[in-house]
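Chemist: Take a look at the letters that make up each chain.
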Amino acid sequence: MQRGLLGIEGMERADIELVLETAFHMKEVGQRDVKKVPTLRGRSIINLFFEPSTRTRTSFEIAGKRLSADVINFSSSASSLSKSESILDTAKTLDAMDPDAVVVRHQVAGVPKRIADELAAPVINAGDGAHEHPTQALLDLMTVVEEKGRVDGLCVAIIGDIAHSRVARSNIHGFLTMGAEVRVAGPPTMIPARVEALGVKAARSLREALDGADVVMALRIQGERLSGAAFPSIREYAATFGLDRAKLRFAQDDAIVMHPGPVNRGVELSHDLADRRPSVILDQVRNGVALRMAVLYLQAGRRARAQEPR
Amino acid sequence: MLLADAEIRRALLRMAHEVIERNGDLSRLYLVGIPNGGVPLARQMARNLREVAGLDALVGMLDTSLYRDDALLKEQRPPLRPTEMPSAVDNRVVILVDDVVNTGRTIRAAMDALLDLGRPRAVQVAALVDRGHRELPIRIDYVGKNIPTQSGDLVKLFLAGEGAEAGAPEAAMKVLLLRGAAGEGA
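Chains as they are written, first to last, in the working numbering: chain A, 3 to 312; chain B, 10 to 195.
The hints are simulated quantities; they were obtained by calculation from the structure and are not laboratory data. Even for Gly, the Cβ is constructed at its ideal location relative to N, Cα and C. Worth double-checking, as some hints may not be accurate.
Only pairs whose alpha carbons sit at most 30 Å apart, straight line, appear in this in silico DSSO-like list of lysine-lysine [as the list claims (entries may be wrong)]:
id : chain 1 : residue 1 : chain 2 : residue 2
1  : A       : Lys67     : B       : Lys83
2  : B       : Lys183    : B       : Lys165
3  : B       : Lys165    : A       : Lys29
4  : B       : Lys83     : A       : Lys38
5  : A       : Lys67     : A       : Lys94
6  : B       : Lys83     : A       : Lys94
7  : B       : Lys154    : B       : Lys183
8  : A       : Lys37     : B       : Lys83
9  : A       : Lys150    : A       : Lys203
10 : A       : Lys115    : A       : Lys94
11 : B       : Lys83     : A       : Lys115
12 : A       : Lys67     : A       : Lys37
13 : A       : Lys150    : A       : Lys29
14 : A       : Lys67     : A       : Lys115
15 : A       : Lys37     : A       : Lys150
16 : A       : Lys203    : A       : Lys115
17 : B       : Lys165    : B       : Lys83
18 : A       : Lys150    : A       : Lys249
19 : A       : Lys38     : A       : Lys150
20 : A       : Lys29     : B       : Lys83
21 : A       : Lys67     : A       : Lys29
Just so you have them, the derived chain B footprint on chain A, three or more residues with Cβ under 8 Å [stated by the list, open to error]:
id : stretch
22 : 10-24
23 : 29-35
24 : 39-46
25 : 296-305
Stretches of chain B that chain A covers, calculated by requiring three or more beta carbons in the stretch to come under 8 Å of a beta carbon on chain A [unchecked claim]:
id : stretch
26 : 78-88
27 : 121-128
Please model the entire structure based on the sequences and the hints provided.
Modeler: This is the structure we're talking about:
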């Protein structure tokens with residue numbers, strides 16, 4: 003498997019399968035009384051978060067700690083990241099401390115790649131702008147495998163703001179690579195014009211997207227990423243694309259409902275659906291830790307060049 | 010081929026008798042196979058213990074990959090294998106079962122993994138083949154066969170025939186020696 007994890011696009015199916023398989027073994031570690039193995043003892047992982055995040059950062063932090071790594075968190079509000087030091091200077095400074103992996107989140111697409119080009123440490127993208135969020139897609143695939151026993155041949159409907167969602171992009175690539183059929187639906191302004199070039203079907207209505215779906219993935223409506231004019235009112239969105247048990251009837255009887263969290267209750271999902279099966283939101287969170295342990299195990303320590311002599 | 014199915018089964022039967030001789034309280038036995046090779050052997054030893062002494066020994070499997078001292082030495086990380094421990098190890102007499110013991114490093118890793126799971130009353134080691142190139146002070150309590158080899162060789166248990174994929178009891182077992190097939194430290 004390649005060094006670093008910047009995106010799902012272009013990732014080989016065999017590599018995705020290796021990560022998922024490793025993650026299922028890591029999940030067993032998380033079910034023990036002592037949820038810690040010594041694999042990354044003495045190794046350090048830097049969480050470099052330029053964009054606020056509690057869930058993903060915590061998930062990576064727990065994953066690293068369960069592997070016995072030292073995890074150091076840098077977030078934009080608490081460090082020189084807010085003192086207008088350039089991104090690359092910050093990254094190079096951190097790299098000089100010889101970390102074994104750097105986890106990067108940034109509000110601008112492509113920043114993890116720019117950082118990776120400069121660093122000896124492998125870089126793991128924890129979300130960049132509207133580009134990719136590879137560990138989210140991998141944990142979603144893991145959850146589907148756990149629920150359905152496979153991905154191949156399943157029908158997956160992704161509902162919401164496809165155009166601005168890195169979760170959607172990564173999942174589209176991931177599910178297609180693993181052999182699923184993918185449909186997207188959302189307000190017309192949120193469906194990219196050339197989305198079908200990716201190999202997905204752009205459904206004209208929620209009902210058409212849900213018809214016979216095995217997996218229904220609702221995306222978070224991100225107020226902070228929207229320019230007002232392109233978006234209908236929240237109430238209109240909830241009425242048209244918000245999922246509840248009545249609308250879910252169009253999907254397969256055993257369809258599962260996923261959401262990357264945090265849920266806007268009553269918007270993307272009804273209260274009832276947010277809390278109970280067939281939604282598997284907390285399983286996604288649980289699997290996220292195991293999946294990130296797998297990625298750190300497969301990546302940490304694979305520095306591009308030997309450490310420079312002092 | 011170093012060992013054929015009949016020889017392996019004979020050795021495992023003798024080892025089961027030795028386990029019975031060695032241990033006073035047989036009710037606390039827990040056979041723990043180290044994947045992949047140790048798992049079918051642990052299961053066969055458990056069947057032998059049942060036939061010979063009417064014992065219902067616990068059987069589990071314990072992956073050592075995350076405890077190996079060489080896990081991070083290579084770019085491509087060793088694949089993980091299943092850990093399935095049906096019961097706690099506390100106060101049990103655990104017998105770690107592996108197909109081949111050579112340097113002793115896998116057994117060291119297995120002991121650390123085991124002790125993270127709890128506090129066994131005692132830990133013993135059973136190996137079908139002892140190659141003898143020990144790099145750590147590890148002793149084998151039950152040996153199927155001592156076989157001198159060169160350190161670059163690969164020695165491994167294989168299952169063949171009906172039910173081999175599923176590790177069924179009737180699958181034929183054999184131990185093969187592949188000259189020079191092992192990397193450094195295997």
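Chemist: For each hint, tell me whether it holds in the structure or not.
Modeler: Comparing the hints with the structure gives:
no., hint, in the structure
1, Lys67/A with Lys83/B, "holds (22 Å)"
2, Lys183/B with Lys165/B, "holds (8 Å)"
3, Lys165/B with Lys29/A, "holds (28 Å)"
4, Lys83/B with Lys38/A, "holds (22 Å)"
5, Lys67/A with Lys94/A, "holds (24 Å)"
6, Lys83/B with Lys94/A, "holds (25 Å)"
7, Lys154/B with Lys183/B, "holds (13 Å)"
8, Lys37/A with Lys83/B, "holds (25 Å)"
9, Lys150/A with Lys203/A, "holds (22 Å)"
10, Lys115/A with Lys94/A, "holds (14 Å)"
11, Lys83/B with Lys115/A, "holds (24 Å)"
12, Lys67/A with Lys37/A, "holds (9 Å)"
13, Lys150/A with Lys29/A, "holds (17 Å)"
14, Lys67/A with Lys115/A, "holds (25 Å)"
15, Lys37/A with Lys150/A, "holds (26 Å)"
16, Lys203/A with Lys115/A, "holds (29 Å)"
17, Lys165/B with Lys83/B, "holds (21 Å)"
18, Lys150/A with Lys249/A, "holds (21 Å)"
19, Lys38/A with Lys150/A, "holds (28 Å)"
20, Lys29/A with Lys83/B, "holds (23 Å)"
21, Lys67/A with Lys29/A, "holds (14 Å)"
22, 10-24, "holds (count 3)"
23, 29-35, "holds (count 4)"
24, 39-46, "holds (count 5)"
25, 296-305, "holds (count 5)"
26, 78-88, "holds (count 6)"
27, 121-128, "holds (count 5)"
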